[in-house]
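Construct all of the structure, not just a fragment, from the sequences and the given hints.
Number of protein chains: 2
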Amino acid sequence: MFNLEAYLKERASLVEGALEKLLPKGGKLAESMRYTTLGGGKRLRAILLLASAEYSGWTDLDSILPAAAALECIQAYSLIHDDLPCMDDDELRRGKPTNHLVFGEAIALLAGDGLLTFAFELFSKLKLPAGNVLAAVRDLAEAIGPSGMVEGQALDLEWTGKRLTLEQLEQLHLRKTAALLCASLRCGAHLAGAQEADITALATYGQKFGLAFQIVDDLLDEVGDPEKLGKATGSDARLGKVTYPVLLGAEKARKLAARAIEEAKAALEPERGTALFGIADYVLSRQS
Amino acid sequence: MFNLEAYLKERASLVEGALEKLLPKGGKLAESMRYTTLGGGKRLRAILLLASAEYSGWTDLDSILPAAAALECIQAYSLIHDDLPCMDDDELRRGKPTNHLVFGEAIALLAGDGLLTFAFELFSKLKLPAGNVLAAVRDLAEAIGPSGMVEGQALDLEWTGKRLTLEQLEQLHLRKTAALLCASLRCGAHLAGAQEADITALATYGQKFGLAFQIVDDLLDEVGDPEKLGKATGSDARLGKVTYPVLLGAEKARKLAARAIEEAKAALEPERGTALFGIADYVLSRQS
Numbered sequence: 001m002f003n004l005e006a007y008l009k010e011r012a013s014l015v016e017g018a019l020e021k022l023l024p025k026g027g028k029l030a031e032s033m034r035y036t037t038l039g040g041g042k043r044l045r046a047i048l049l050l051a052s053a054e055y056s057g058w059t060d061l062d063s064i065l066p067a068a069a070a071l072e073c074i075q076a077y078s079l080i081h082d083d084l085p086c087m088d089d090d091e092l093r094r095g096k097p098t099n100h101l102v103f104g105e106a107i108a109l110l111a112g113d114g115l116l117t118f119a120f121e122l123f124s125k126l127k128l129p130a131g132n133v134l135a136a137v138r139d140l141a142e143a144i145g146p147s148g149m150v151e152g153q154a155l156d157l158e159w160t161g162k163r164l165t166l167e168q169l170e171q172l173h174l175r176k177t178a179a180l181l182c183a184s185l186r187c188g189a190h191l192a193g194a195q196e197a198d199i200t201a202l203a204t205y206g207q208k209f210g211l212a213f214q215i216v217d218d219l220l221d222e223v224g225d226p227e228k229l230g231k232a233t234g235s236d237a238r239l240g241k242v243t244y245p246v247l248l249g250a251e252k253a254r255k256l257a258a259r260a261i262e263e264a265k266a267a268l269e270p271e272r273g274t275a276l277f278g279i280a281d282y283v284l285s286r287q288s
Numbered sequence: 001m002f003n004l005e006a007y008l009k010e011r012a013s014l015v016e017g018a019l020e021k022l023l024p025k026g027g028k029l030a031e032s033m034r035y036t037t038l039g040g041g042k043r044l045r046a047i048l049l050l051a052s053a054e055y056s057g058w059t060d061l062d063s064i065l066p067a068a069a070a071l072e073c074i075q076a077y078s079l080i081h082d083d084l085p086c087m088d089d090d091e092l093r094r095g096k097p098t099n100h101l102v103f104g105e106a107i108a109l110l111a112g113d114g115l116l117t118f119a120f121e122l123f124s125k126l127k128l129p130a131g132n133v134l135a136a137v138r139d140l141a142e143a144i145g146p147s148g149m150v151e152g153q154a155l156d157l158e159w160t161g162k163r164l165t166l167e168q169l170e171q172l173h174l175r176k177t178a179a180l181l182c183a184s185l186r187c188g189a190h191l192a193g194a195q196e197a198d199i200t201a202l203a204t205y206g207q208k209f210g211l212a213f214q215i216v217d218d219l220l221d222e223v224g225d226p227e228k229l230g231k232a233t234g235s236d237a238r239l240g241k242v243t244y245p246v247l248l249g250a251e252k253a254r255k256l257a258a259r260a261i262e263e264a265k266a267a268l269e270p271e272r273g274t275a276l277f278g279i280a281d282y283v284l285s286r287q288s
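Chains A and B supply the protein sequences, listed in that same order.
Its first residue numbered 1, the first sequence is counted upward by one per residue in the working numbering.
Its first residue numbered 1, the second sequence is counted upward by one per residue in the working numbering.
Don't read these hints as lab results, they were simulated from the structure.
A portion of the hints provided could be inaccurate.
A pair holds if it fits inside one copy or across any two, identical chains being indistinguishable in the list.
[Stated by the list, open to error] Straight-line distance between alpha carbons at most 30 Å, and here's what the computed DSSO-like set of lysine-lysine pairs gives:
id, residue 1, residue 2
1, Lys-28, Lys-162
2, Lys-25, Lys-241
3, Lys-241, Lys-28
4, Lys-162, Lys-25
5, Lys-127, Lys-241
6, Lys-265, Lys-96
What follows is the structure, encoded as structure tokens:
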């Protein structure tokens with residue numbers, strides 16, 4: 001019997017251990033990089049990469065663990081830059097003061113730059129067939145670059161305070177959140193040398209999963225518990241951001257998330273998908 | 001007879017054309033990325049990559065041009081982030097207002113992030129043997145990441161206003177400037193599938209070249225013509241930064257640069273090194 005809670009905990013601790021070992025040590029820059037990356041987070045992107053590789057038949061987790069850790073470096077970079085005064089100007093993240101409040105804006109900026117670059121370094125040093133690694137790097141760079149996550153952030157700035165259609169909101173979140181989640185699955189599949197059909201299925205799962213994740217995120221920002229979340233709630237409303245619950249109402253938004261999760265699961269073969277099915281259900285019910 | 005001026009001009013225009021074609025178009029983020037990357041700069045890093053590949057026997061420049069363009073994206077990213085108010089707070093770059101003055105801090109931050117990521121995307125899409133590309137990505141990421149360029153920037157912040165030894169200054173500039181210049185040469189060699197001996201020779205050239213480049217940069221900041229440079233001079237002194245001329249005096253600094261250029265050239269085989277020899281001499285005499 002698959003125990004999701006134990007699985008998530010074990011995997012998160014595996015990723016945490018890898019990050020602890022891999023991240024640079026010594027000096028203010030390294031300290032700042034470690035501050036935001038270590039000791040927190042659900043490690044969802046890393047866990048998805050590992051689960052995707054396993055879905056594709058890969059069993060040697062150690063060999064792909066640095067890639068999983070790299071995704072968490074990217075997540076940390078995006079959080080640090082997103083929290084900066086010129087962006088969302090947030091003060092609390094994962095229950096701690098944000099990076100720039102502790103290390104100053106300049107070092108926080110550089111820590112983000114360093115983490116983003118370090119992620120590519122980790123990928124480039126994987127001991128796996130170069131073609132597989134390069135395919136993963138390609139998907140990752142596309143997902144988080146100027147046509148992916150970074151463009152999502154730019155649209156977010158541009159559209160804040162404006163009235164959006166549901167279509168625009170989806171465009172925004174496909175880039176801002178879903179792109180990296182989706183890339184986590186595609187990277188895992190590429191590293192495992194998966195067949196094209198599996199890559200496509202896992203990417204579909206990733207996109208639907210990403211949509212559901214964002215809707216739940218919006219709901220939690222509106223009605224969640226700041227204690228459990230480790231960050232202030234209500235910041236979307238404060239910043240005048242359009243969200244799914246704002247646009248649809250909480251009830252309809254919840255239903256949209258539930259449907260996306262069903263579609264995510266439908267893309268996979270159930271017998272191989274136990275872990276990914278579990279993670280999908282978990283995202284719907286998460287409180288933080 | 002090798003005409004250096006014509007060579008540099010032709011190569012810079014080749015790189016400019018590639019950047020124009022490759023960089024994303026449409027929207028504020030793309031506009032901001034293009035603003036700093038296009039229409040200026042000596043394209044030294046790109047030219048070094050191409051020349052290094054040619055030194056290693058590569059003749060098909062078109063196939064590696066996106067990698068050369070990628071280095072200029074990285075250079076532009078580092079300039080945009082370096083000019084931000086929380087860093088050097090500069091107002092003029094390549095004769096134009098700095099990125100954040102035109103697009104605002106938030107978009108400038110994202111444009112830098114986008115350019116850095118896009119550079120890796122360009123590398124990952126090269127139509128070359130995956131092993132060669134991955135070796136280049138590895139060297140590049142190491143050179144510009146938390147043990148390279150980003151660490152150089154962090155040390156620069158930490159050490160500004162402090163009395164440094166010549167050794168510390170060298171440590172700083174090896175990371176801050178020489179690392180990317182050196183990686184430009186290593187990347188060209190890797191993409192060309194060069195022998196280890198050639199890679200080592202080109203890397204030595206790159207390191208010595210980088211040192212000389214930085215010393216000349218320091219001298220120009222002290223005594224250069226702001227018109228020709230397209231940026232304010234005297235900013236090192238204003239920011240309390242230790243430089244080679246500050247530490248050694250202008251005359252000794254100039255000699256150190258000249259020696260480094262001789263050592264750079266000595267690493268190469270003269271019959272193959274015409275272009276790289278020329279570029280080395282050019283760096284010593286440059287006025288901008």
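These are the hints, each one checked on the structure:
1. Taking CA atoms no more than 30 Å apart as the test, Lys-28 paired with Lys-162 passes between copies only; the shortest distance there is 16 Å, against 39 Å inside one copy.
2. In this assembly of identical chains, Lys-25 and Lys-241 lie within 30 Å of each other by CA distance solely across copies; the values are 26 Å between and 37 Å within a copy.
3. In this assembly of identical chains, the alpha carbons of Lys-241 and Lys-28 lie at most 30 Å apart only when taken from different copies (19 Å versus 34 Å within one copy).
4. Taking identical chains as interchangeable, the C-alpha atoms of Lys-162 and Lys-25 lie at most 30 Å apart only when they sit on different chains, with a minimum of 23 Å there against 43 Å within one chain.
5. For a Cα distance limit of 30 Å, the shortest separation of Lys-127 from Lys-241 qualifies neither inside one copy, at 43 Å, nor across copies, at 41 Å.
6. Within a single copy, Lys-265 and Lys-96 get their C-alpha atoms no closer than 34 Å, and across copies no closer than 52 Å, so neither meets the 30 Å cut-off.
Violated hints, in rising order: 5, 6; the structure is consistent with all others.
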